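Peer 1: Which chain is which? The protein sequence lines are W and C, in order.
Counting in the numbering used here, the first sequence runs from 1 upward without gaps.
Counting in the numbering used here, the second sequence runs from 1001 upward without gaps.
A few of these clues could be false.
[As the list claims (entries may be wrong)] When the alpha-carbon atoms are kept at most 27 Å apart in a straight line, the in silico DSS-like pairs for lysine-lysine are as follows:
1. W:179 to C:1386
2. C:1077 to C:1088
3. C:1383 to W:181
4. C:1009 to C:1196
5. C:1188 to W:179
6. W:207 to C:1196
7. W:181 to C:1083
8. C:1088 to W:75
9. C:1350 to W:207
10. C:1196 to W:179
11. C:1386 to C:1083
12. C:1079 to W:179
13. W:181 to C:1386
14. W:378 to W:483
15. W:179 to C:1350
16. W:378 to W:87
17. W:181 to C:1088
18. W:132 to C:1350
19. W:263 to W:378
20. C:1386 to W:207
21. W:181 to C:1326
Keep in mind that the hints were calculated from the coordinates and are not lab data.
Model, not experiment: these values are computed from the prediction.
Residues per chain, in single letters:
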Amino acid sequence: MKKIQLIILIYFSFLAGDIGHLNSIFEGVAGEIPVRVIVKTSGVVPGLADINIRVFSDKVHQVTARPIYWHAGEKGAPPADIAHPVKGENNLYSTQLWLMNFGSYNVQVKIYSGEEIFEVNVPVNSLALEIKEMESSLVIILWLFMLLLIFGAVNIITISYRESTIHPDDSPSLDRIRKAKFVMAISFVLVIGILYSGYNWWDDVEKLYANNLFQSLQTEVKIVIINNQDILKVTITDPAIVEGRMPDIIPDHGKIIHMYLVKDDLSVLSHIHPSRSIKNKYVFEVLMPPVPKGNYSVYMDITYESGLTETVLTPIEYKSPIELMEIGKVPIRDPDDSWTHDKMQHKIIWLNKKNEYLQEEEIKLEFQAFNFKKVPTKLEPYIQMGGHGALISPDNNVFIHFHPIGTISMASQQIFDKQQELATNEKSGICYYGLPIDTAKTYSEGLQSNIGRVSFPPLSLDKAGDYYMWVQVKTEGEVVTEKFSFTVMN
Amino acid sequence: MTSFLQNIKSVPNYCILVLVSSTAILIGIEWDISWHESIGRDSFWSAPHMVIYFGGILCGLTCAWMVFQQTFFHPDKYKHYVKFWGFKGPLACWICIWGMIAMLTSAPFDDWWHNTYGLDVQIVSPPHIVLAFGIFAIFLGSLQLVLAERNLAQESQKKIFEYLYLFAASLILIQFCILLTEYSFANKQHSLEFYKLSAIFYGFVIIAFSEASQTKYAATIIAGLFMIHRLLILWILPLFDAEPLLGPIYREITHYVAPPFPPLLIIPAIIIDIVRTRFTLSNRILKAIIFAFIFTLILLLTQWYFSEFLLSEYGRNWVFGSDRNKPFWVPIGDFNFEFWEYDWTPYGHKILMTPVTTGNILLTLVYSSFSIYLALFFASWLKRVKK
């Protein structure tokens, strides 16, 4: 039973940032230097995060990284660590940073090029997400040591009683030897009792730790009818938010919530954006897209004022007829809402697609949009980005929402930019962080061969299985949604 | 003086080596704790760790050498040996070796613990207790090695072993003080937890080792050595520069953080020595109850007011160190110098501290009496130990 509870706990505890993916990825520019920063957190707090910084420049002579806790600011941050070049790699620097507290951190990356220092802030969640199992080899080692210690302790106590107080020239009496066996039994019980107390203590610590695992925001998601329209309604019920103990949520690239509605058979995806109700600040509503009835998973990406981000996953049944009727105003459909349909005028090609990848292998994500005549078409900004992507595993254990700038929340980055008094890169528009070899150039204004192209920083997955990915771009006024699939092998 | 030097020369090298090992381990731990509070980030090869490893390896090699000598090369090397799973060596060596194995066990366990539950910032955790058991065993083994020599020595040589024994006992008292650090902050000394744990553990150590001593004011000497050691650490550590390498940093740290001012154990120890020299208490139960009353009530009276002093402005100087014993992760606030009603677990859960009431103190006296009864029982064995 305990194990089942633990599994449930672990399952729900993954609902942070992305789901089942501990990497925070940023690709962009630090001043004039194009960079890609990947922060892999450990899933425990305090925990060690791996920082990998790739600079797309040969003029860099030093790279540093520094963890800044949102609550303490730069004043409360330790000195920066020097990221050392990775052997055998070109312009890749690496270091490890301790993230000591729960919550949002800013990994401040500084790049030294000549006399100039360029800086970029990468927001990272520091959360306790799981309780790791002990490896079987360690279990065996610890058991062997424990047995040695148990029998060693019992033997020491027995010998202490039997012969430690007699003169070295004398031998223990038969009566003493007999009683020593009784002492042995008693000491064995005593040692086992101490171990049992230790086990219970460990159990208590684990329960306390389990209580401290990141808990997803409590929400209620339902579909109601208002004025004959199907409305998806999200109510934040989490006491921590409602009672003001947690920072409020803030918009990320223009939307208060980014929501993916995915049909359980993975045949349908909608990318929609609920808006905050005028009547109740904890209620968010969105007009349901024209999707078929069925069971759906609702993924909601949320950014808090502290810079923390999370993805809340809720299952929902979209059935007919809807029994819940409410009186009110029908929310206006967000012009950026989009969904899969079979009347697309354009197509997206995954240029460097492989059907199978290995675990931890870099999955390169370069795409190009074409019209029905197979001619590349110029991209337009879609929700302030060159493109959007959602990667999902069929069991819902992995969900990654990514953009050309990576997986970080732009809103979180802006919070830290403001805190650090660093001018936020205001350069908006299409895919200004494009392909690695041409990072920081604007593709729409670039070479002819780059027309319609968008690239995202590579992802890597550590769980084997089938994955599905939807990529969205906007071209010639149409939001194109294309579905892809691939397998990650053991 | 000449006879004293001759007596020192008569002390076997292995006694000196195990005591040097124990001292190194203890100083390494005190330095390591201060390192965590001042610098934060460490590695397997950090300087305090090296001191601990040096102590552990020195003790392990000394005891292993004694066992191999006795078992394979010189069967008559040490008269006071016992057989242990076919090997021969003094019992103290086996206790030390057991301690070494426990210390070794704690290393992968602690590493896994950090990777699973996060880097701990508390002293009392299951892997640390495995380590503490190991260290305690090494200290106890060292003490017993000296004690067996004392019990077997000629009358003229007993004194030097007695001094070494009292020194070894003070190391054990210091270890308990380190283990109880988190319960002994001056801010917690108007709550029951400090007095309960102090009465049980300090009471046990002071009574057990002073009872087994042949010196008149043994409790005073043990507690005195303890105070001198802790005060030297308190005064010396902040002389060295240190800078936090982990964040968030909530206070300016430029030097090593000092440990809290030690509890004034010397005061109940003096009273216990006076009572012991004036009255003959042959009944073990009665003796335990009387000692428990003296120790607990004197400690309560002393620390209750002394903690108020420590939290006052008069405690904020290099002598008492109240203003320089907070780690970098503790925010600056009025609560730094107030008595706490609540404690916090490492995972952020609030715990109400137990108030000091007559009923609670009476219950503490019961625990303390039992602990001191066991201490007297233990002391009777220590007095007679010869192997």
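Peer 1: Work down the list of hints and note, for each, if the structure agrees.
Peer 2: Comparing the hints with the structure gives:
| no. | hint | result |
| --- | --- | --- |
| 1 | W:179 to C:1386 | 19 Å, holds |
| 2 | C:1077 to C:1088 | 10 Å, holds |
| 3 | C:1383 to W:181 | 23 Å, holds |
| 4 | C:1009 to C:1196 | 43 Å, violated |
| 5 | C:1188 to W:179 | 45 Å, violated |
| 6 | W:207 to C:1196 | 26 Å, holds |
| 7 | W:181 to C:1083 | 16 Å, holds |
| 8 | C:1088 to W:75 | 60 Å, violated |
| 9 | C:1350 to W:207 | 15 Å, holds |
| 10 | C:1196 to W:179 | 35 Å, violated |
| 11 | C:1386 to C:1083 | 14 Å, holds |
| 12 | C:1079 to W:179 | 24 Å, holds |
| 13 | W:181 to C:1386 | 21 Å, holds |
| 14 | W:378 to W:483 | 20 Å, holds |
| 15 | W:179 to C:1350 | 48 Å, violated |
| 16 | W:378 to W:87 | 39 Å, violated |
| 17 | W:181 to C:1088 | 20 Å, holds |
| 18 | W:132 to C:1350 | 25 Å, holds |
| 19 | W:263 to W:378 | 30 Å, violated |
| 20 | C:1386 to W:207 | 47 Å, violated |
| 21 | W:181 to C:1326 | 50 Å, violated |
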